[in-house]
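Single-letter residue listing:
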Amino acid sequence: MAEEFEPKIVAFLCKWCSSAGSDLAGVSRMQYPPNVVPIQVMCSGSVSPLYIFNAFKKGADGVLVSGCHPGDCHYIEGNYYARRRIALVKELLEFVGLEPERFQMSWVSAAEGTKYTEVIKDFVDVLKPLGPQSHLRREQ
Amino acid sequence: MVNLDELKKEAKRVLEDGKVKYVIGYVKSKASNMAAPAFVTDPEEIENLIWDPTCVQNLTKFIVDEKKRKAQQKKPDTRPVAVVSKGCDSRAINVLLQEKYIERDDVFILGVACEDLGVIDEKKLAQKLKGKRFGELTFDDKKNVVATTTDGTVKVPVKEVLAERCVECQANTPLIYDVFLGEEDRRKPDAPFASVEKMESLSNKERGAFWQEQLSKCVRCYACRSTCPMCYCDECVVDTINFAVTPDTTAQEKALRIKWIERASTKSENFGYHLVRAIHLVGRCIDCGECERVCPLDIPIRFLNKKLEKTAKELFDYEPGMDTEKPALVASFKDEDPEEFIR
Amino acid sequence: MDKILEKKSLTNWLKKLTGYDVYAPVLKDDLWNYEIISDGDNLELDYLNTVQAPKKFIFPQVENLLDFGSSDEGTPEITETLPQPNPTVILGVRPCDGKAVILQDLVFGGEFTDPYYWNRRNATYLVGLTCNTPPSPNCFCTSVDGSPHSQEGLDILLTDLGTKYFVEALTDKGRKLVSAGQALFKAPTAKDKKDLEQVKTGSEKKIKRQIKNLKKVPPKLKDMFDSPLWDEEAMSCLRCGICTFLCPTCHCFDISDEVTSSLPLKGHRIRTWDTCQFPDFTMHSSGHNPRPDKASRLRQRMLHKFQYFVEIHKKYQCTGCGRCVSLCPVGIDIIEVLDKVRDYG
Amino acid sequence: MKKRTGVFVCHCGINIAGTVDVKKVADKLNKHAGVDHAEDYVYMCSDPGQKRIEEAIKEKNLDNIVVACCSPNLHETTFRNAAKAAGINEFQCEIANIREQCSWVHKDMDKATVKAEKITVSAVERVRQNESLEPIGIPVTRRALVVGGGIAGIQAALDMANTGFEVVLVERSPSIGGHMIQLSETFPTLDCSQCILTPKMVEVSKHPKIKLMVYSEVQEITGYVGNFKAKILKKPTFVTDACTLCDECTRVCPVVQSNEFDLGLTGRKAIYIPFAQAIPALYTLDITGCPGLMPIACGKCADVCDPGAIDFDMKPEIVEEEIGAIVLATGYDLYGKEEMAEYGYGKYADVMDGLQFERLLSASGPTQGKVLRPSDHKEPKEVVFIQCAGSRDPEIHCAYCSKICCMYTAKHAMLYKHKVHDGQAYIFYIDIRSGGKNYEEFVQRTTEEDGVLYLRGKVSKIFEENGKIKVWGTDTLIGKPVEIDADLVVLAMAMRPSEGADKLARTFKVAVDKDGFLAEAHPKLKPVESVTAGIFYAGAVQAPKDIPEAVAQASGAAAKAIGILSQERLFHSPMVAKVVKNLCTGCNMCVDVCPYDAISLEDGKAVVNDVLCEGCGTCSATCLRAAISVKNVTPQQIYEMIDASVGG
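Residue numbers (this note's numbering), protein chains in the order written: chain X, 1 to 140; chain U, 1 to 343; chain V, 1 to 345; chain S, 1 to 648.
So here's chain X without its partners, still in its complex pose (with noise of 0.2 Å):
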């Protein structure tokens, strides 16, 4: 039988929010699927799209940003600038004919532990059945 799809997930998470809840996932010994790699930022308005771009073409199939909720940055507005950025990276995506579930967005504390687990065992899931990314991947 051939091995089962494994999705490979690129997470950039904001050190103050989403990492510290990935911590709290991790101290509460919640189980997620070990696709995900996180990548710790400062805040998720440093996310460069750029960054997204280039986790894509090194053959990501799925990649997350995660910040503080609106109005809970550490860096009191960061992450509404990462809203209004990620928007337009994500209809671009879109456009270009990235399959929209690739490139996920979410607000994750640092008290949600189980926010994040959540995030990434529904993000392994609807990565699966989409099979490897070949769009905007380097040609092998």
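Any given hint could be a false lead.
[To be verified] In silico DSSO-like cross-links for lysine-lysine, where the CA-CA straight-line distance does not exceed 30 Å: (1) K75/U / K605/S; (2) K217/U / K222/V; (3) K480/S / K334/U; (4) K8/U / K68/U; (5) K56/V / K259/U; (6) K326/U / K503/S; (7) K121/X / K514/S; (8) K173/V / K30/U; (9) K509/S / K115/X; (10) K222/V / K70/U; (11) K132/U / K56/V; (12) K28/V / K130/U.
If you're looking for bench data, these hints aren't it; they were derived computationally from the structure.
Knowing the structure of chain X, use the given hints to seat chains U, V and S on it.
Relative to the frame of chain X, chains U, V and S by itself:
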């Protein structure tokens, strides 16, 4: 109607007064049916200027050029340059002002109204003429383009061969100018995003296939980048070499320069280039459509910019180049910005 | 070897070319480009010239030179990746583009032969087509020692004689292609030969654009390195690569390494087209660029084509295809520039 | 020059090693290009573990290290100190979190090991491009600003002033004292509120280190921790220092306005002193009621003022103060009339809120402490208290618990019974929350000794009929509807941030939570800190609190502020933004997005003030020219980390 003599008179006046360094306008091209940009320093040569629907180029690009040239000169002539500016081109000037790239005093704007016309699309004209090869183009006073073909002259209403950008134009009258010529006509198109909406109505898969095909044609001649007045970065993400070297730049810093996009014109790199270009222009592209016109491979790149223009309008009520005082689209936010897409 | 091929037999001939990839001009989205064709049924050879010259088949925009990497133990591994292309027939090549291949041969051959180039070159069969009417209003082949029926660089030259093609098989490669469909070819009659001559002579006269006395240009250029003419002519230049990338004779390239994985290290060394029009062309790692502005880049293009190349190879590095003229977004016209150079001073 | 990297993989007992094959990770990293040393150990954070790291750095001449262990929030400092002890810069140490983000959340050993490898390689690629940085030192202005003159602000100001630091205390109303000065008695001891607060108010006014600015508001804050600049607006009182407090002016003033101190239960003149013990004891002319400051129109007060203390030409004044630390203590307001219309609040005179009832009970109140209802000044015999009026009601009101209402309602009922022996008090409640020293005993006393009737349930309808306030509700314990013909209804209104808290948050660049209270930097470990360094919270500005909690937090905030003020210099994270000048075109976008105003344009190029920059990197994602990035989280580093995360 823009009175060409009036335009020449104004251009000549500022040139003769020594008020401007030179006048950037349009002249007839020997090589092409479309006009060519001209840089006039001699008042006598003002006579060669033309204004008709072949004046396709966005001359704002040459204001950027002038700024770069001045930066290289030891004792630059600081007088402004005069530029003939269509409505869309004037929005580009606005963006440059908004981004503090130029000062208002750097440029003397000879605003020309497109009124109910615009510029023509050579390809549409070719289709109208059903493959008949055409030579010189002239325009009669009934707003027809008169083409000389192998079978004599053919008249086509300009409106039927207008460039798509003009059909969907949001500013057919200059928003900023020192001299204004023609009739002010602030019409708004009925369907400013019709072409994008058509693309949007396709399935995600169909769009994917469409772009796979289109972008794989790209030879990365960077004409789209080069013609864009908003692409004024000294160093572009696709450049393979670091231009920002200073005496203290270390070899390691040079070596570590990221190649976000490789030079190979392969599919993934072409996608990378065009995605970055589009996102870089979001909230800045004023839809002069030149990127698409100049593309030798006819890649419909304007779609990408237009799509984001539509998104910015719909989601954030932002229109580029309309207000020079506002913070840029991505350098601002509203509390009520949509977030339904965020989990 | 001269033959006659009825137009209706063209398809049958192409079908006989088994084992070859056959490319022909195809109109798509208002543009002519060489596409691989499965049969010749809808073949249209009365076409405006293709946007891209057949140069891309022999000197592709991206050529993988070698793959590199390291094993888990850190030993470097290098694999040369010489191309082994299928025999490829390109049908309908315009004589200017055929001649351009000869000019490329001079660059990639000679003292240092380039195996990547020659592997592709030797596998490519160029079937040319006389331009009965110029395929572009900006054609000027006759001014640069070419003609609309030039045989240079071609393996076969087809000339449209109405219902049939006059087939001139010019090389062994060409004769091989003809013999693949031998039965379809007839010997030309005397009238055919006369018609051929007439078409050819007529075709030359239809070339409208001319550069008079081009031979005066190369010596003139020698003294024009610091001329202000370049500044004037380059004012409207956008610094894009259209003129050079679409030029059938431009051959500048750049070599770069693409790292695809850092653990374990993997990547390719690739050769890509480069152009004197880009700001990073000849940029030194110190930050200095001997060609810092667009004037010096336009000059480089002119000097390379009409001075340096002439000095080395005794030929103009231009075949008069007119692509750079027609496609320049701001109407910079090489003919006009050369006229000005000739009359300068 | 080639950099030498060391990797240290921690087992964390079985916490990591139970799910991740740590030996395999160390092996893999040993083979990774540029890694010169990789080892695993059972507890890297232990003394022997740290020693191993230090020795490896020295022996193998390592330039930088990665410790693959728990979350950087836990031991980053530990290992950075170890790196420093071994002689390399602390920023040459990065943490790969393979516990919280890997071993604890996965079970499949193979997959978890692969992921741990990726996380570690990612950290290696990052650290290899880290710059060695030194914390940025900044001098400190050794003065504090306290905003809000309630009990929390008073306490914080006094604590700091008594330690020897100058304090500027800004209060927007004409007197300090806040809500506490309006209270009658305080639970659970029934101390007289004014008796315990006024000595502190006097102490503030007399304190040589405290500069008291009442009737003032902070308009703008610039600068950064240790070096803030405040612009404070002093509103004109139109009464000068010459005032002798003779009170003649109020006698002649023809304008009567609602008295804020009595929450509208009484009136006051347009020229007034807020209350008898007001600090400072100063008259204020309220121009909202005064007929236009036109001596021709009225001017009666000026006519009778012997010392000539009325100055109609007094202008607003902007005072600039330099301070090093800030305590925000702007307190709370009660939920308003508009929001609680369903309980007839604002419609019926005899439906009042808790603070108004405090005034009724207070000896200094409108009735001198007699419980008389507003409509007819009769003693109410049946009084209904309704708890959670607006609190714990996520559908239409506030989701949160206002915390103090259970206790003050019990107090209200008890004090009512003490004054009206034959009256009956009913309390509708959802739960009784009486956590706190002697609180539960206090509630017990209310029911047992004072016979207050607690009814568990919500009130469904309140309306007036025949001079009575009809209260319909349900007693959910017996499951029956209850109807009470009440004489007076007291609503324990939800507490919410005082008016203008949102503006305050913007002025001071601190965050607000979903309810509008100011958000603390960490809910557990940084409860008095704001997200902006050097700004602290005291009292109900952060969340509903009772007096002892507000006082405790105020002292905590004061201690935190003193922690800053007592330093010669402060140190700030050096992970700040850096501009590549050649690439910058001066488009101003980074300036627009910077939440800290840390970037400005100088000669058309962006310049970062290292001291203000918090390193969020929003500028870096916004910059179109890649001309600005945050040190040690540069795009180059992220690029490599993406590679490591996807690769393989």
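Comparing the hints with the structure gives:
1. K75/U / K605/S: Cα-Cα ~21 Å, so holds.
2. K217/U / K222/V: 38 Å, violated
3. K480/S / K334/U: 50 Å, violated
4. K8/U / K68/U: This hinted pair holds, its Cα atoms lying about 27 Å apart.
5. K56/V / K259/U: 25 Å, holds
6. K326/U / K503/S: Between K326/U and K503/S the Cα gap is close to 22 Å, so the pair holds against 30 Å.
7. K121/X / K514/S: 27 Å, holds
8. K173/V / K30/U: 41 Å, violated
9. K509/S / K115/X: Distance of about 28 Å is within 30 Å: holds.
10. K222/V / K70/U: The given pair, whose Cα atoms are some 29 Å apart, holds under the 30 Å limit.
11. K132/U / K56/V: 29 Å, holds
12. K28/V / K130/U: Within the cut-off at roughly 15 Å; holds.
In this structure, the earlier hints numbered 2, 3, 8 are contradicted, and the remaining ones agree with it.
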